[in-house]
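Protein sequence lines correspond, in order, to chains A and B.
Heads up, the first sequence is in the UniProt record's numbering, so the first residue is 1 and it goes up one at a time.
Heads up, the second sequence is in the UniProt record's numbering, so the first residue is 1 and it goes up one at a time.
Treat the hints as calculated values from the structure; they're not laboratory data.
A couple of the hints might just be wrong.
To spell it out: a stretch of chain A is covered by chain B in this simulated footprint if at least three of its residues, at any positions, have a beta carbon under 8 angstroms from a beta carbon of chain B; those stretches are [as the list claims (entries may be wrong)]:
1. 79-91
2. 168-180
Residues from chain A that face chain B, not an exhaustive set, calculated with beta carbons under 7 angstroms [as the list claims (entries may be wrong)]:
3. L43
4. E76
5. L187
6. H210
For each label pair, taking beta carbons as the anchor points, the in silico distance ranges come out as [as the list claims (entries may be wrong)]:
7. A:D59 with B:A95: 34 to 42 angstroms
8. A:C70 with B:A102: 54 to 62 angstroms
9. B:A102 with A:R245: 46 to 54 angstroms
Predicted, not measured: the structure shown is a model, and the values here were computed from it.
Note that CB positions come from ideal geometry on N, CA and C, so glycine has one too.
Read off the chains here:
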Amino acid sequence: MTERGLEPSDADATYVFAVCRNPDPSAVVGLPGVTDEAPVSTLPLETLTAIVQTVRARDFTNEAWQARLCDEQELERYARAHHDVVSAVAACCPTVPLPMATLYQSEERVREALANEADRFHAALNRIAHHAEWGVKVYVPSCQPDDSSRSTTPTGRSRPAPGAGLAYLDRKRGAQERRERRQDEALQAAEAVDAEVRGLATASRRLRLHGPQPSGEQRVQVLNATYLVAEHRADELTLLTQALRERTGTQIELSGPWVPYSFVGEV
Amino acid sequence: MSDVDFRQRSYPVSGPSGPPTTNLADILERVLDKGIVIAGDIKIDLLDIELLTIRLRLFVASVDTAKKAGIDWWETDPALSSRASRNALQDENRALRERLEALESGMKDELPERRHRNDPPARTKENRGT
Numbered sequence: 001m002t003e004r005g006l007e008p009s010d011a012d013a014t015y016v017f018a019v020c021r022n023p024d025p026s027a028v029v030g031l032p033g034v035t036d037e038a039p040v041s042t043l044p045l046e047t048l049t050a051i052v053q054t055v056r057a058r059d060f061t062n063e064a065w066q067a068r069l070c071d072e073q074e075l076e077r078y079a080r081a082h083h084d085v086v087s088a089v090a091a092c093c094p095t096v097p098l099p100m101a102t103l104y105q106s107e108e109r110v111r112e113a114l115a116n117e118a119d120r121f122h123a124a125l126n127r128i129a130h131h132a133e134w135g136v137k138v139y140v141p142s143c144q145p146d147d148s149s150r151s152t153t154p155t156g157r158s159r160p161a162p163g164a165g166l167a168y169l170d171r172k173r174g175a176q177e178r179r180e181r182r183q184d185e186a187l188q189a190a191e192a193v194d195a196e197v198r199g200l201a202t203a204s205r206r207l208r209l210h211g212p213q214p215s216g217e218q219r220v221q222v223l224n225a226t227y228l229v230a231e232h233r234a235d236e237l238t239l240l241t242q243a244l245r246e247r248t249g250t251q252i253e254l255s256g257p258w259v260p261y262s263f264v265g266e267v
Numbered sequence: 001m002s003d004v005d006f007r008q009r010s011y012p013v014s015g016p017s018g019p020p021t022t023n024l025a026d027i028l029e030r031v032l033d034k035g036i037v038i039a040g041d042i043k044i045d046l047l048d049i050e051l052l053t054i055r056l057r058l059f060v061a062s063v064d065t066a067k068k069a070g071i072d073w074w075e076t077d078p079a080l081s082s083r084a085s086r087n088a089l090q091d092e093n094r095a096l097r098e099r100l101e102a103l104e105s106g107m108k109d110e111l112p113e114r115r116h117r118n119d120p121p122a123r124t125k126e127n128r129g130t
């Protein structure tokens, strides 16, 4: 996994964090990146600049990543390290993040590979200029299983003297109906929130819903979406979120500003 | 250029001990799943050695970890799940069957070309330390 003629243990590779335009080189000074053996640095391409770090190839092989990513702490360490470099650069200039674990054999290969994609990078940079990404998650309380304890059901009254079995069925049916109604309401709330936020966003994307936390959270996520929002509308978004919380009675979590990770790929 | 400080609450993180105030799942679904993908980035071809390109396998490797971190979308991602690999197998099967049919019906000239499989395999296993 090395250039010919080099011992694997000595070979370097180039990790690429992001591509940007005219960064302030001091933005990356002191960032740890993904290794402590070389500093994070800028690599000028023709019209763009890549943010790179020289790493030991043997530490970043397929196998090394697989092992690393099966370890939650390591995964977190690398994800945050990558994210921190991307965020620091984006704080000084428009920046297109690359996915974690993008590596090339050498800086020369980075130049070649990325120069070929210059048009896409410029298009992405133009799309996200003066924008940030904001995540919106909507939660509703999870259903209580002991729902059926409420014995009055709308249909129960019309029956003169229901037997115990029938009453039981009625109760069950009522619980089921309530559950479905709540589900519908939650989904409607999610759609309403999404529609409202899209109204002030430049672009939006649905992300996959997160499952319940292992800790047994008492809430269910019904919307996980992310929005590309112009800088000058960020305050509006905060206010809107607050208003939506009150109006829909759901828990709404707003996260951001993020570097527009979700909006630099194909749209 | 940009007035927004993206370093938000997750910063500074100079190691695993930094205050992890930004949800890991939020970071993962952006850092791994998104970001621009370079044309050569996906091809899992260690022959001419773009080191990583292993994004897909990388995801699979971390399913358990991801679940512990509270996200279960890894398994439902059509590109990443085991079902996806089944589908990939099915696709490959189908492609092979088509090739076979094409061969059998004597349409040799119409065959899609197989890419670079004949290149000598590089020494990709670096398990001989030192």
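Cross-check of the supplied hints:
1. 79-91: holds (count 11)
2. 168-180: As far as the region 168-180 of chain A goes, the hint is violated, because 0 residues have Cβ atoms under 8 angstroms from chain B.
3. L43: Result: violated, 15 angstroms to nearest chain B Cβ.
4. E76: 5 angstroms, holds
5. L187: Constraint on L187 (chain A) not satisfied, violated at 18 angstroms.
6. H210: Result: holds, 5 angstroms to nearest chain B Cβ.
7. A:D59 with B:A95: 34 to 42 angstroms: 36 angstroms Cβ-Cβ, so the 34 to 42 angstroms window holds.
8. A:C70 with B:A102: 54 to 62 angstroms: The hint (54 to 62 angstroms, Cβ to Cβ) is violated, given that C70 (chain A) and A102 (chain B) are roughly 41 angstroms apart.
9. B:A102 with A:R245: 46 to 54 angstroms: 60 angstroms, violated
Hint check: violations occur at hints 2, 3, 5, 8, 9; the rest are consistent with the structure.
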